[in-house]
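My request is simple: use the sequences and hints to build the entire structure.
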Amino acid sequence: DTGVSQDPRHKITKRGQNVTFRCDPISEHNRLYWYRQTLGQGPEFLTYFQNEAQLEKSRLLSDRFSAERPKGSFSTLEIQRTEQGDSAMYLCASSLGPIAVFGPGTRLTVT
Amino acid sequence: SQQGEEDPQALSIQEGENATMNCSYKTSINNLQWYRQNSGRGLVHLILIRSNEREKHSGRLRVTLDTSKKSSSLLITASRAADTASYFCAILTGNQFYFGTGTSLTVIP
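Which chain is which? The protein sequence lines are A and B, in order.
Using our numbering, you'd call the opening residue of the first sequence number 1 and step up by one each time.
Using our numbering, you'd call the opening residue of the second sequence number 1001 and step up by one each time.
If you only want the chain A side, here are some residues facing chain B, beta carbon under 7 angstroms, derived:
| hint | residue |
| --- | --- |
| 1 | P43 |
| 2 | Y48 |
| 3 | L55 |
| 4 | E56 |
| 5 | L91 |
| 6 | A100 |
| 7 | P104 |
| 8 | G105 |
Here are some of the chain A residues that sit facing chain B, going by a computed Cβ distance under 7 angstroms:
| hint | residue |
| --- | --- |
| 9 | Q41 |
| 10 | G42 |
| 11 | F45 |
| 12 | P98 |
| 13 | I99 |
| 14 | F102 |
| 15 | G103 |
FYI, nobody ran anything at the bench for these hints, they're computed from the structure.
Built from N, CA and C at the ideal position, the CB exists for glycine as well.
Rendered as structure tokens:
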């Protein structure tokens, strides 16, 4: 499979718990993006990596959020002390040029 | 803030009809893209139009771009039930893709 994969596809957690999502981009893509999408809205930018360097972070990414991309391959997005407002679809995308290839997303529900 | 805004927010048509959705944006661009999203899934790239192009075709898709009006339109001809999805325009500015709120298209068989 040469697409972008995300794991898990669904996550239900209780408020206050920590969660971690994984994204495996297309192997030759050097750019990786995380987006968050709530119902009825377009994707909102969270953060961007070029290779292993995190070059940009949205102000939406509070100190409870952290993302890593060790070795410039897969990436993880961790949310600490989850809140109900964190419930959303978390999308990962990768690119080599101007076109982004998106993964299927991880749907997070915080109860 | 999001750079692209789609219009209409929702569109319902009969199978076989054409669907047109519009996108307005705020900044200068190198290119504009359209993506499709089926319910609960990731986005799929449809077409890219460069700032020096006025019209581009791909299968049943036709995209126009008017940089003077900062607007683009996506036309889907001879729609099918499988075209039911949300459609987003996207602008790559710096290191970010900016998406609008999307047009939700329903094609009734």
